[in-house]
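One line per chain: the protein sequences are X and G, in this order. Quick note: the first sequence uses our numbering, first residue 36, plus one each step. Quick note: the second sequence uses our numbering, first residue 247, plus one each step.
Treat the hints as calculated values from the structure; they're not laboratory data. Glycine included, each C-beta is placed from N, C-alpha and C at the ideal position. Be careful, since some hints might not be right.
Cut-off 20 Å, straight-line C-alpha distance, at most; resulting in silico cross-link-like pairs (PhoX-like, lysine-lysine) [said to hold, decoys possible]:
no.: 1; chain 1: X; residue 1: K281; chain 2: G; residue 2: K250
no.: 2; chain 1: G; residue 1: K306; chain 2: X; residue 2: K291
no.: 3; chain 1: X; residue 1: K434; chain 2: X; residue 2: K239
no.: 4; chain 1: X; residue 1: K194; chain 2: X; residue 2: K204
no.: 5; chain 1: X; residue 1: K426; chain 2: X; residue 2: K449
So the derived label-pair ranges between C-beta atoms look like this [stated by the list, open to error]:
no.: 6; chain 1: G; residue 1: Q312; chain 2: X; residue 2: K152; range: 54 to 60 Å
no.: 7; chain 1: G; residue 1: I292; chain 2: X; residue 2: L331; range: 27 to 33 Å
no.: 8; chain 1: X; residue 1: Q101; chain 2: G; residue 2: A257; range: 33 to 39 Å
no.: 9; chain 1: G; residue 1: I292; chain 2: X; residue 2: L100; range: 37 to 43 Å
no.: 10; chain 1: G; residue 1: L266; chain 2: X; residue 2: P149; range: 25 to 31 Å
no.: 11; chain 1: X; residue 1: R182; chain 2: G; residue 2: Q312; range: 31 to 37 Å
In case you want the letters, here they are:
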Amino acid sequence: MKRGANGSTGSRVAASKGISFTTSPVLAVRLPSWRSRVVLFVLFVAFAVLGVRALWLQGVSNEFLQKQGKSRYERTIELPATRGKIMDRNGQVLALSMPVKAVWAIPEDVLKSPPQKLRALAGLLDMSDAELRKKLDSDRTFVYLKRQVEMDVIEKIAKLDIEGIDTRKEYKRFYPQGEVMTHMVGFTNVEDAGQESMELAQQKTLVGTTGSRRVIKDRLGHIVEDIGLGKEPHDGKNLTLSVDSKIQYIAFTQLKAAVEKFKAKAGGAVVLDVHTGEVLALANYPSYNPNDRSKLTGAQLRNRVMTDTFEPGSTLKPFTVALAMDSGRVTPNTRIDTGSGRFTIADRTISDTKGHGVISVAQVIEMSSNIGTSKIALSMPSQEMWEMFTKVGFGQAPKFGFPGAVAGRVRPYKSWRPIEQATMSYGNGISVSLIQLARAYMMFARDGDTIPLSFQRVDELPPAQQVIKPKTAQAMREMLESVVSGEHGTAKQAQVAGYRVGGKTGTAYKVENGKYAMPRKYIGSFVGMAPMSSPRFIIAVMIDEPTTLAHFGGQVAAPTFAALAANALRAMNIPPDSAVTEIVVPADAEAEAM
Amino acid sequence: MSTKINLVLLALLVACGLALVNSQYQARHLFIELERLQQRARQLDIDWAQLQLDQSTLGKNARIEQIARTDLDMAPLTPERTQYLTQGEK
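Put together the whole structure using the sequences plus the hints.
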């Protein structure tokens, strides 16, 4: 111990006698002084590089990192837009979208779950176990199992807790009025795009624009802040149609009854509002249920009122006669010799049902004389007749804003031969659609002017276009009334108790492959208006290929018109304008020509 | 003098900081409330649409006619069976 202590003392002494550590010459390294400066410089440069890099990332090129940072806590949320509702003129809903969900699966994961769960899933999705397995037997990682599944089913599926099953939000369109209204409203496909009728025509306004929003989400997925870079979603606009549910229902049921009674192939009916040009009803039969289109056929889908053209037959006579009266060539009392019921032009013969002899122009309409109308037509230049047809819309591309509406066909007047001019005057050799026909009758129901048709509710009346003189329209209305109530009228079955009605029957042979079909196939039609004292509705009915009981327009279409008019007038609270009497229709109502 | 100013500024700074914390807290609260109410508005919209759908389905003319005819034994009105009254007439 002692020695050790001495030793330590000794060394301290020695150190104190020597020089300090820092200045010890032994330790002094002989290095060139530039080396330290190089190190200093290198270190400085390294710091400078870091500084510049930091400046670069912070100040100049900061976008990338900021974006990366944001994507850690910011989320974009899709905001769906609902398709607009479609309503009738009284606000009753005709088409409406409800949120539903599409069920999709990752097949690999789903197939791992126990079979009884899969069976339960198949049951909920309304398919057999085999069907479900067939869908899952796929290499893809995303398979739709079923689309547009309603919410209560989704909840049950969620309770099954099968791995690999997920849902996606979408919308399903419901049509509460079903087959009654479908030819007016149309339907959408699974992607919410309009496919038919107004759903298709108004696709642009009905469909909304989806929006999005940027939000900050917390750890638990709750939205804590809106960053306000979003786009507002805009729901589709609601659409108010011109159709009246009540009248539409009446039209559909009456039409259906008529088609079934005469075992016809099909039928169509349309009701127009005389004052506003609105289409109050547009019915077709056969029809379909737009909510379940799995068994939809082309015949059901067909909107005959709009897209089928036919030779109108006698319903066209009033236009020829109105033109002759308007130009002062004839008056309702002008006598015309229709002879024995046969009239030959060049090599073709026109015939009436029987010889009417010398009759007045009014009676030509009342008895529906082909010869009378032909003689009147032949007294006029073909150009004038063509202009009349064109003005009322025949052969013209319709501007209804309704998909599939056809123009019909009116040949240019320069190519008309006299026999053709004669047959055209009573509606042969010309083709029109039922809606065109109904619209053309508007000028008789109004005082000689027409207004455009509308499938949407009209709040402001469109400007009218004068076609014939008011006096001519008035005279024609009297003639049309005599067709129904006159002694020799061809449409006695169109009478309505309590109301004065008028109209014109039409029967035409169907044209197939450019020729008249053999054996003869008929289209019976009736276009009329009610009540006559101040027309409110134009009603056009067409029965396609009636096979039993009868085939003349006065027998198949006129009674349908009467039933439709009676119910529609009552439904709209229009007071009766004639004495209420029991109507007795003679058992063998007069047949009409063609 | 300058110490005093510093102290005042410090107090102000702390106060501002606390106010910021408080307003942020309030903003979050209000935002959550807003979200909740918007969600509710959406749900009410859906409910309303469902009710409109139900109304239209139940108010279908076909259904009304069927119930009127079969359950209630009603028949359509015809002009022959109607007495029309006109105001001002004897």
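Here is what the structure says about each hint:
no. : hint                          : verdict
1   : X:K281 <-> G:K250             : violated, 86 Å
2   : G:K306 <-> X:K291             : holds, 17 Å
3   : X:K434 <-> X:K239             : holds, 17 Å
4   : X:K194 <-> X:K204             : holds, 18 Å
5   : X:K426 <-> X:K449             : holds, 17 Å
6   : G:Q312 <-> X:K152: 54 to 60 Å : violated, 42 Å
7   : G:I292 <-> X:L331: 27 to 33 Å : holds, 29 Å
8   : X:Q101 <-> G:A257: 33 to 39 Å : holds, 35 Å
9   : G:I292 <-> X:L100: 37 to 43 Å : holds, 42 Å
10  : G:L266 <-> X:P149: 25 to 31 Å : violated, 55 Å
11  : X:R182 <-> G:Q312: 31 to 37 Å : holds, 33 Å
In this structure, the hints that do not hold are numbers 1, 6 and 10, in rising order.
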